[in-house]
Amino acid sequence: MVRITLENLTKRFGNVIAVDHVNIDIGDGSFFALLGPSGCGKTTTLRLIAGFEMPTEGRIYFDGADVTDLPPYKRETGMVFQNYALWPHMTVEENIAYGLKLRKLPKSEIKERVREVLGLVKLEGFENRYPSQLSGGQQQRIALARAIAVRPKTLLLDEPLSNLDAKLRIETRAELRKIQRELGITTVYVTHDQEEAMSISDRIAVMNQGRIMQIGTPQEIYQRPRNTFVADFIGQATMVEGKVSDKDGRIRVETAVGVLEGIASRDDANLTVGSKVVVSMRPEYFTLKSEGDVNAIKAVIDHIAFIGKSQRLYCSSEGRRIIAELPPYVRLKLGDKITLYIKKDNTLIIPL
Amino acid sequence: MQIPELKTTLREVKWELDGLSVIQLVSVTSIFTLFMIIPLVSVLYYAFVYQGSFSLFWIKQIFSDAFYFPDSLSSMSLTFYRRAGGNRILITGPDLGVIPNTIFVGTCTTIFATVIGVTLAFIFSRYDFPLKDYFRVAIMVPMLSIPFVGAIGLKKMIHADGFLNTLFYEKLGILPVKIGVEGLAAVIFVQTLMFYPIVYVNAFTAFMNIDPAMEEQAKNLGSHGFHLFRTVTLPLALPGIEAGAILTLILSIEDLGTPIVFQGTTAEKTLTYQIFTKIFTPKGLIRPDATALAAILLSISIFSFVAIRKYVSMRKYAMLTKGEAGKRMISKASKLQCVLIYMLLTGILFFALLPHIGVFLLAFSETWGTRLLPESFTIANFRAIFTNKDVIRAFTNSLSYSTAATFLIIVLGTSAAYLVSRKHIPGMSLLDTLVTLPISIPGVVIATGLFLVFLNSPLDPLKSPIPLLILSYTIRKFPFTVRSAFAGFEQTHVEFEEAALNLGASRLKTFVDISLKLVWMNILAGGMLSFVYCMNEVSTGIVIGSAKPEEGPITLKMLDVLYMLAGGPHMTAAIGVILMMLQLASILVSTYLLRQKATALISI
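Going down the list, the protein sequences come from chains A and B. For the first sequence, the numbering used here gives the first residue as 8, with consecutive numbering after it. For the second sequence, the numbering used here gives the first residue as 444, with consecutive numbering after it.
Don't read these hints as lab results, they were simulated from the structure. Wrong hints could be hidden among the right ones.
[Unchecked claim] Derived coverage of chain A by chain B (criterion: at least 3 residues anywhere in the stretch with Cβ under 8 Å from a Cβ of chain B; other residues may be distant): (1) 55-64; (2) 83-92; (3) 101-110.
Since we're looking at a predicted model, the values are computed, not measured. For each residue, glycine too, the CB sits at the ideal point set by N, CA and C.
Construct the complete structure from the given sequences, taking the supplied hints into account.
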């Protein structure tokens, strides 16, 4: 289909920088997510790609061709809006056929294509309904059908699942990914839900305050966060500040909770003795048993949150908050003094 | 602004301005420039030029004339009433000179209308009582303000020998003396009854939009009754109330119909009446001292509009919930409260409906002397109207001018609303102000300006006033449609349009297929209101129309009928009844189209 390249893309609204020198290369046919908290610039980036906003600086290329100055109606992107934007005065069929009529396809082919995409989103027979007669999930799928009916070069999705309830969201995203694979269409997906982004995407760009914080596969982003923002935003992590005290093979860091050893979160970290760093530890990597090459942290349990599949412990150690997740069957109570172990390979040292 | 920034801004403007918006922007701004801005500027120009150079001569002359502006306390008449023969007391109001009179009338009308409107709004937004819906309709009846007619009807009612005195003095013997109302007092009386519904509607919307949790929280902390009203409810509703009040003030000082009906008393000593009667020299030229009066009137109303608009928008409180949230706060009135509410409503309604009752009685009677009611009823007046070629022609004139103006208003108003709502270009808020500004510009001032600019031009009103009549209607009644269409666009998510653009529809196609289809009801409803107000336009209609009376509108003809024909008031009332029915029908249709949204149309 098409490769999307964003080059130094910047968008300013008055004094606010919504998108700040963003460089992204989205491969042909891949599923790419823009992930970040609200106001991070992800939706603006998507709207820049669609042509609804004009960049203050930078260029946008589709397959190497500069589309920066093209109006939205000449970009051949298919967009699914957060609120679906199904036209209430048109039936499902008229909604889907709108783009096809603009392309002056013969009537019979329009009918055929409408049937085809309705089959793809599993809503055959809904042609004559009005949007108000559809459930949220059905509206979402019709919006997707309308976008792909014109066989766009790229598919742009702006938080398409955020108005659905939790269970439907999980079902729909699997379906969405399936359809995208079948069509092999380059897709940009905006979401603030990190679990959603990780489960669906080939690659993710984590954004904050208009800037790209990290681009990578879901695994890279979760296991090797480049900075504290990504470590904190993706999943949960206990973070303790410290200073590098030794560096041969593993990195040794002096912290308030003791000396911790771990691996650098990125290869270009350039850590030297004395560097200020943050040690990041995922709650699910903590155990109560010392096995293999581990760090140990002595802590007191302040609060236990029972989740069901696990229990989350909020502990304190030398005035620092340590969060650990343990199996639900371990018997613990408030005030227990415990030692938490974490493998050194799972202890990440993030440069500041 | 630095050069690179300017370049970016220019690029952004170029990006936003496609062919469609350029056409829209150019046509709206050029119409407003030609037929509003330039005329207003020329009014100011003529007012400030004496013998070829800038001078305060005319302004000084007006302010040194005690007729217009008192030079000392002694030149003002501060007696509010006088005794007359036949055991009568005439309430006249003071006479402070034309300029203070205008401000005095505006202020009093605004205060009275606000007190009545807010009281009614509070009752209707917080209490439930039997027959409430009927009362709600009844208190809105004065919104059917038909030129001259309300004033004519009321004049008949409050005259020293009129209905009220006959009823309360002669028949019932409740009053010890006959009380007549005339002069400024009569203008205030009539205007208060005409305009209180504007405050009511705005205040009611404001009360209903208050998040119930605000009052509940205050009650939870121990506040109740009047204290609650004074400290929480009223302050939160204030922006809405102020919007209604300022509109009332502006409508009051620009009202020309009422002073005309009460001419022969101090009601003549108001700015609009003075401009109207003095603007032309016998040779049909414009008198510069009258343009100075127009400039003064213009500054008073624009100042009120701009000052309060700024003040109100600064204090708009963001509410957590919107719409009819206030429904939760309506409580059933107790027996005692019911009695009090009924007494109050009956009292207000008695006076508020007087003009309309008076008009109907006049329209269906031939004579109505000093008796309580006319002796006999007849449809002769209607027959006379329908057989009077001049009246029919004037009526057809008004219908065609109003239709043409409404067409322009709908096309240009929709364009302006679309631009303001959708285009992120510097200066769009200026456009917004420009197209709502006509609310605050007195009709006589626009009319004066149009004369100044277009005399001896291809659009010379002395040759034919038709183009200028249509265009002045267009400008004056523009805000109703713009407001309505703007509300429509604001309620329609921009994503609907972006979805069409995304699928490959051009801007024009998107505008026609999506934007217009989604807001046409708002546009039509607003257009309907604009049409009705065009039909009823007094000030520009009679000033411009009088350049060539046979091409004048129905309002000009009414004036003619009122003073020239035998049985004038009766026939004018009959015309009024027809206009009233037309207006009622249009308002019903547009409220049906908009349902509750209609309330938003008559606020700033």
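Results for each hint:
Residues of the stretch 55-64 of chain A lying with their CB closer than 8 Å to a CB of chain B number 5, which satisfies the three-residue condition for coverage. By the rule of at least three residues with a Cβ nearer than 8 Å to a Cβ of chain B, the coverage given for the stretch 83-92 of chain A holds, with 8 such residues. Judged by the Cβ-Cβ criterion of 8 Å, the stretch 101-110 of chain A is covered by chain B as claimed, because 4 of its residues qualify and three suffice.
Every hint from the earlier list agrees with this structure, and none is contradicted.
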